[in-house]
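Top to bottom, those sequences are chains A and B.
Residue numbers for the first sequence follow the working numbering, so the first one is 2 and each next one is one higher.
Residue numbers for the second sequence follow the working numbering, so the first one is 2 and each next one is one higher.
It should be emphasised that the hints constitute simulated quantities derived from the structure, not laboratory data.
Treat each hint with caution, since some may be false.
In this list, chains with the same sequence are indistinguishable; a pair is considered to hold if it fits within one copy or across any two.
Unchecked claim - Lysine-lysine pairs mimicking DSS-like chemistry, simulated, CA-CA at most 30 Å apart:
id : residue 1 : residue 2
1  : LYS105    : LYS132
2  : LYS183    : LYS255
3  : LYS54     : LYS353
4  : LYS268    : LYS161
5  : LYS54     : LYS324
6  : LYS207    : LYS219
7  : LYS4      : LYS105
8  : LYS44     : LYS105
Bear in mind the structure is a predicted one, so any value in this text is a computation, not a measurement.
Number of protein chains: 2
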Amino acid sequence: MKKHNFNAGPAILPKSVLREASRSILDLHHSGLSVLEISHRSKAFESILEETKSLVKELLNLSDDFEVLFLTGGASTQFFMIPMNFLAEHETACYTDTGTWAKKAIKEASTFGNVSVVASSADQNYSHIPKNLKFPKGSKYLHITSNNTIYGTEVFKWPKTDLPLVCDMSSDIMSRPIPSEKFSLIYAGAQKNIGPAGMTMVIIRKSFLEEAMVRDRKIATMLDYRTHVKEGSMYNTPPVFPIYVSMLTMRWIKAQGGLVAMERRAKRRANMLYREIDENPMFQGTVAKEDRSRMNVCFLAATPQAEAMLSELCAANGIEGLKGHRSVGGFRASMYNAMEMGSVQLLVNLMKEVAAKLG
Amino acid sequence: MKKHNFNAGPAILPKSVLREASRSILDLHHSGLSVLEISHRSKAFESILEETKSLVKELLNLSDDFEVLFLTGGASTQFFMIPMNFLAEHETACYTDTGTWAKKAIKEASTFGNVSVVASSADQNYSHIPKNLKFPKGSKYLHITSNNTIYGTEVFKWPKTDLPLVCDMSSDIMSRPIPSEKFSLIYAGAQKNIGPAGMTMVIIRKSFLEEAMVRDRKIATMLDYRTHVKEGSMYNTPPVFPIYVSMLTMRWIKAQGGLVAMERRAKRRANMLYREIDENPMFQGTVAKEDRSRMNVCFLAATPQAEAMLSELCAANGIEGLKGHRSVGGFRASMYNAMEMGSVQLLVNLMKEVAAKLG
Chain A
2 MKKHNFNAGP AILPKSVLRE ASRSILDLHH SGLSVLEISH RSKAFESILE
52 ETKSLVKELL NLSDDFEVLF LTGGASTQFF MIPMNFLAEH ETACYTDTGT
102 WAKKAIKEAS TFGNVSVVAS SADQNYSHIP KNLKFPKGSK YLHITSNNTI
152 YGTEVFKWPK TDLPLVCDMS SDIMSRPIPS EKFSLIYAGA QKNIGPAGMT
202 MVIIRKSFLE EAMVRDRKIA TMLDYRTHVK EGSMYNTPPV FPIYVSMLTM
252 RWIKAQGGLV AMERRAKRRA NMLYREIDEN PMFQGTVAKE DRSRMNVCFL
302 AATPQAEAML SELCAANGIE GLKGHRSVGG FRASMYNAME MGSVQLLVNL
352 MKEVAAKLG
Chain B
2 MKKHNFNAGP AILPKSVLRE ASRSILDLHH SGLSVLEISH RSKAFESILE
52 ETKSLVKELL NLSDDFEVLF LTGGASTQFF MIPMNFLAEH ETACYTDTGT
102 WAKKAIKEAS TFGNVSVVAS SADQNYSHIP KNLKFPKGSK YLHITSNNTI
152 YGTEVFKWPK TDLPLVCDMS SDIMSRPIPS EKFSLIYAGA QKNIGPAGMT
202 MVIIRKSFLE EAMVRDRKIA TMLDYRTHVK EGSMYNTPPV FPIYVSMLTM
252 RWIKAQGGLV AMERRAKRRA NMLYREIDEN PMFQGTVAKE DRSRMNVCFL
302 AATPQAEAML SELCAANGIE GLKGHRSVGG FRASMYNAME MGSVQLLVNL
352 MKEVAAKLG
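Chain A with its partners taken away, still in its complex shape (with noise of 0.2 Å):
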């Protein structure tokens, strides 16, 4: 049975790069190595890291102020680097509070220097972006989510501030273009839109490095950023094969059209999944409306019934990863860069079965 893969993460990747990846553990190119047995110091390597970086630049429209670093330890280290590069004890930064992952980041945060919770929706279990932020004099930066997978809210209209702008953008990243003059720092797990778990992409402007690194603060040299940027990613070995894939996934959203592309797409899938929760009488979108994500979709279903039946008419087709996450109940399709308008009009096709069958 062919499967429509809606998982929030790791989630779905191209099939013409599942096959590249896939034959490239047998044979690298022609190499007799496998991409999984190359030494990350061969030239084999060196092109895909360079490919990569060159990638991410092109589609982000990257200007050369930055460097885009591969790490590990998923967003939940950049959570604490950031403010253990960049808040020493006596300064303070901003923060929303826009679901799980943003408290995540404040209460890292909290343990280095002040934060600022400039704006938060949590009394409204998150179902909206805060939006005409203030902000504290003297600010050291404004840390923000982009998109909440859990929640299922995206931010549309990035806020206006002096501040420099850090972002955890791991589950819309590559889904759209992005204004990324705006930006001094942004970070992505890789395992939503770009390849498999086990690689964090950072980017940073090399200005806002310099200027606003904590000056009396010990840090190991693997928490430092600057030795990754000094070093290229190469300090120790990287994860060599989670980033190739992410070149693979490069490659394919360059040759679908880049980023225009990609939101064209999103925003296809989720205009068509939005009106069908709108229109059918079973289900209800648990969202603000501007503030609907194009990754993450969230709903309710009317009934206990109807939850039921939908939960066994997507088992019964192949459809995976619906299930809400218990913080919001009932389902989100998640639809990143990979998945088809087929799989959408499928389980809209379900969703209107239940309606009819029920309603």
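Chain A is already provided as a structure; the job is to place chain B on it using the hints.
Coordinates of chain B only, in the frame set by chain A:
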């Protein structure tokens, strides 16, 4: 041309492991999903994680006092996590200085507490393992490196000590049985004897964790071993694919006869190559005989002509990765678990050819 992979790491993996990994990238266990796109919270991955843990415990003969963790960040991250978790500012830890990686571990530890370097072979370019160690009273732990990848030395007599023993086993783990009861913490990057780059195995004694944790230091959630023990390596998204391939490799090790068989093969490979080094007038070893590593065999050519000729013969015969590290020069043959005797025999034949032509 068939390749013979003597890379120091990332390194050779069993062909059958590569074949199964390649298949699972297209379709894991006939699920219709790639191993790269399954959720880390799925039953499929839960079972992979459990089997990997239980294979580690079985192969290394670990008692139930040990936890097995699958983290990221490489040995370089363990270099600082160990003192961060276990060495308070006023405490002293003992380290042996047996090569480049040991030195890096010492450097990171020094920023957290006092480090007593109880032995060093630095003045002889790390060509032997210091013995008969003595320890300052009241030390917190002893850190050793069991195999020095760059210099080609290996510890065959474990130090006699009452101190908790912490060991960087990155390049010889799973190549021989170990007296696991002697250790409090073992760590190893996967990319030599276990799997692809991107996963670090940490084996930690629960009683050590309870007794030895520093009390008054704020540690980021991701850097606190207790987080990962409590969450069973699932606090955040783990490196799914590197864990999966490591599981396949350990299944293969078990099927081959476990670590007794791995050690027997490692001895055969090493004996064959060291015998040639000792007998062949055109080559010489760089390491004290009793400390010669079975994993990384370092040797020099007697003349520049011999060095050039062996390099050319290797290139012409599909031998990869034989160039010595710049710290030692000459050649380094890394021969991990998956290395076949035929590849070692080929190298020996080429060395004989050099001697026949130049000797």
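How the hints compare with the structure:
In this assembly of identical chains, LYS105 and LYS132 lie within 30 Å of each other by CA distance solely inside one copy; the values are 21 Å within and 47 Å between copies. Taking CA atoms no more than 30 Å apart as the test, LYS183 paired with LYS255 passes inside one copy only; the shortest distance there is 23 Å, against 54 Å between copies. In the homo-oligomer, the alpha carbons of LYS54 and LYS353 never lie at most 30 Å apart, since the shortest distance is 44 Å inside one protomer and 44 Å across protomers. In this assembly of identical chains, LYS268 and LYS161 lie within 30 Å of each other by CA distance solely inside one copy; the values are 24 Å within and 66 Å between copies.
In this assembly of identical chains, LYS54 and LYS324 lie within 30 Å of each other by CA distance solely across copies; the values are 28 Å between and 35 Å within a copy. Proximity of LYS207 and LYS219 under a CA criterion of 30 Å is satisfied in both settings, with 20 Å inside one chain copy and 29 Å between copies. Within a single copy, LYS4 and LYS105 get their C-alpha atoms no closer than 33 Å, and across copies no closer than 47 Å, so neither meets the 30 Å cut-off. Proximity of LYS44 and LYS105 under a CA criterion of 30 Å is satisfied inter-copy only: 26 Å between copies versus 39 Å inside one chain copy.
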